[in-house]
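Chemist: Model the full structure from these sequences, guided by the hints.
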Amino acid sequence: MNTYSGSNFDDFLAEEGILEEVSESAQKRLLALEIEDIMNATSQSKNEN
139 MNTYSGSNFD DFLAEEGILE EVSESAQKRL LALEIEDIMN ATSQSKNEN
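Position one of the sequence shown corresponds to residue 139 (this note's numbering), numbered consecutively onward.
Derived by calculation from the structure, the hints in this document are not laboratory data. Some hints could be false.
Stated by the list, open to error - Below are the SDA-like pairs computed for lysine to any residue, each with C-alpha atoms no more than 25 Å apart in a straight line:
| # | residue 1 | residue 2 |
| --- | --- | --- |
| 1 | Lys184 | Glu172 |
| 2 | Lys184 | Leu169 |
| 3 | Lys184 | Ile173 |
| 4 | Lys166 | Asn146 |
| 5 | Lys166 | Phe150 |
| 6 | Lys166 | Glu154 |
| 7 | Lys166 | Phe147 |
| 8 | Lys166 | Leu151 |
| 9 | Lys166 | Ala179 |
| 10 | Lys166 | Asp148 |
| 11 | Lys166 | Met177 |
| 12 | Lys166 | Asn178 |
| 13 | Lys166 | Ile156 |
| 14 | Lys166 | Asp149 |
| 15 | Lys166 | Gly155 |
| 16 | Lys184 | Glu174 |
| 17 | Lys184 | Leu171 |
| 18 | Lys184 | Ala170 |
| 19 | Lys166 | Ile176 |
| 20 | Lys166 | Ser181 |
| 21 | Lys166 | Ala152 |
| 22 | Lys166 | Thr180 |
| 23 | Lys166 | Glu153 |
Unchecked claim - The following label-pair restraints were derived from C-beta to C-beta distances:
| # | residue 1 | residue 2 | range |
| --- | --- | --- | --- |
| 24 | Asn146 | Ala170 | 23 to 31 Å |
| 25 | Glu186 | Ser145 | 45 to 53 Å |
| 26 | Asn178 | Glu154 | 32 to 40 Å |
| 27 | Ser183 | Glu154 | 39 to 47 Å |
Just so it is clear, CB atoms sit at the ideal spot from N, CA and C, and this is done for glycine as well.
Modeler: Structure representation (structure tokens):
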């Protein structure tokens, strides 16, 4: 149960007209972090050989 009154952060972003932009930016950042993790894992496995 949410004990806070008012809207959630997504509602605020939507009211400001920036929900889509912020969501896209967050998805791009997540993708970049996932790619970085894969690259680091690949680099470590190459260094072990």
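Chemist: Compare the structure with each hint and give your call.
Modeler: Evaluated hints:
1. Between Lys184 and Glu172 the alpha-carbon distance is near 18 Å, which keeps this suggested pair within the 25 Å criterion.
2. Distance restraint check for Lys184 and Leu169: the Cα-Cα separation of roughly 22 Å lies within the 25 Å cut-off, and the hinted pair is therefore satisfied.
3. Restraint check: the Cα-Cα separation between Lys184 and Ile173 comes to about 16 Å, which is no more than 25 Å; the hinted pair holds.
4. Only pairs whose Cα atoms come within 25 Å are accepted, and Lys166 paired with Asn146 is accepted, the gap being roughly 22 Å.
5. Between Lys166 and Phe150, the direct Cα distance comes to roughly 21 Å. Compliance with the 25 Å bound is thereby established for this hinted pair.
6. Restraint check: the Cα-Cα separation between Lys166 and Glu154 comes to about 21 Å, which is no more than 25 Å; the hinted pair holds.
7. Between the alpha carbons of Lys166 and Phe147 the distance comes to roughly 19 Å, so the proposed pair stays at or under 25 Å and holds.
8. Note on Lys166 and Leu151: the hinted pairing holds, with a Cα-Cα distance of about 18 Å set against a maximum of 25 Å.
9. A threshold of 25 Å between alpha carbons decides the hint, and for Lys166 with Ala179 the separation of about 20 Å falls inside it, so the pair holds.
10. A hinted pair counts as satisfied when its Cα atoms are at most 25 Å apart, and Lys166 with Asp148 qualifies at roughly 18 Å.
11. Only pairs whose Cα atoms come within 25 Å are accepted, and Lys166 paired with Met177 is accepted, the gap being roughly 16 Å.
12. Between Lys166 and Asn178 the alpha-carbon distance is near 18 Å, which keeps this suggested pair within the 25 Å criterion.
13. The straight-line distance between the Cα atoms of Lys166 and Ile156 is roughly 15 Å, inside the 25 Å bound, and the hint therefore holds.
14. A distance of roughly 21 Å separates the Cα atoms of Lys166 and Asp149; the hinted pair therefore holds under the 25 Å criterion.
15. A threshold of 25 Å between alpha carbons decides the hint, and for Lys166 with Gly155 the separation of about 19 Å falls inside it, so the pair holds.
16. Pair hint Lys184 plus Glu174 holds up; C-alpha atoms about 15 Å apart against a cutoff of 25 Å.
17. Of the supplied pair hints, the one linking Lys184 and Leu171 holds, its CA atoms being roughly 20 Å apart against a limit of 25 Å.
18. Pair hint Lys184 plus Ala170 holds up; C-alpha atoms about 21 Å apart against a cutoff of 25 Å.
19. Under the criterion of a C-alpha separation no larger than 25 Å, the hint pairing Lys166 with Ile176 is consistent with the structure, at around 15 Å.
20. The straight-line distance between the Cα atoms of Lys166 and Ser181 is roughly 22 Å, inside the 25 Å bound, and the hint therefore holds.
21. Restraint check for Lys166 and Ala152: the C-alpha separation of about 19 Å stays at or below 25 Å, so the hint holds.
22. About 21 Å separates the Cα atoms of Lys166 and Thr180, which keeps this hinted pair within 25 Å; it holds.
23. Restraint check: the Cα-Cα separation between Lys166 and Glu153 comes to about 22 Å, which is no more than 25 Å; the hinted pair holds.
24. Restraint check, Asn146 to Ala170: a C-beta distance of roughly 26 Å satisfies the suggested window 23 to 31 Å.
25. Distance hint check: the CB atoms of Glu186 and Ser145 are about 50 Å apart, consistent with the given range 45 to 53 Å.
26. A hinted range of 32 to 40 Å holds for the C-beta pair Asn178 and Glu154, which are about 36 Å apart.
27. In this structure the supplied range 39 to 47 Å holds for Ser183 paired with Glu154, their Cβ-Cβ distance being about 44 Å.
The structure agrees with every numbered hint stated previously.
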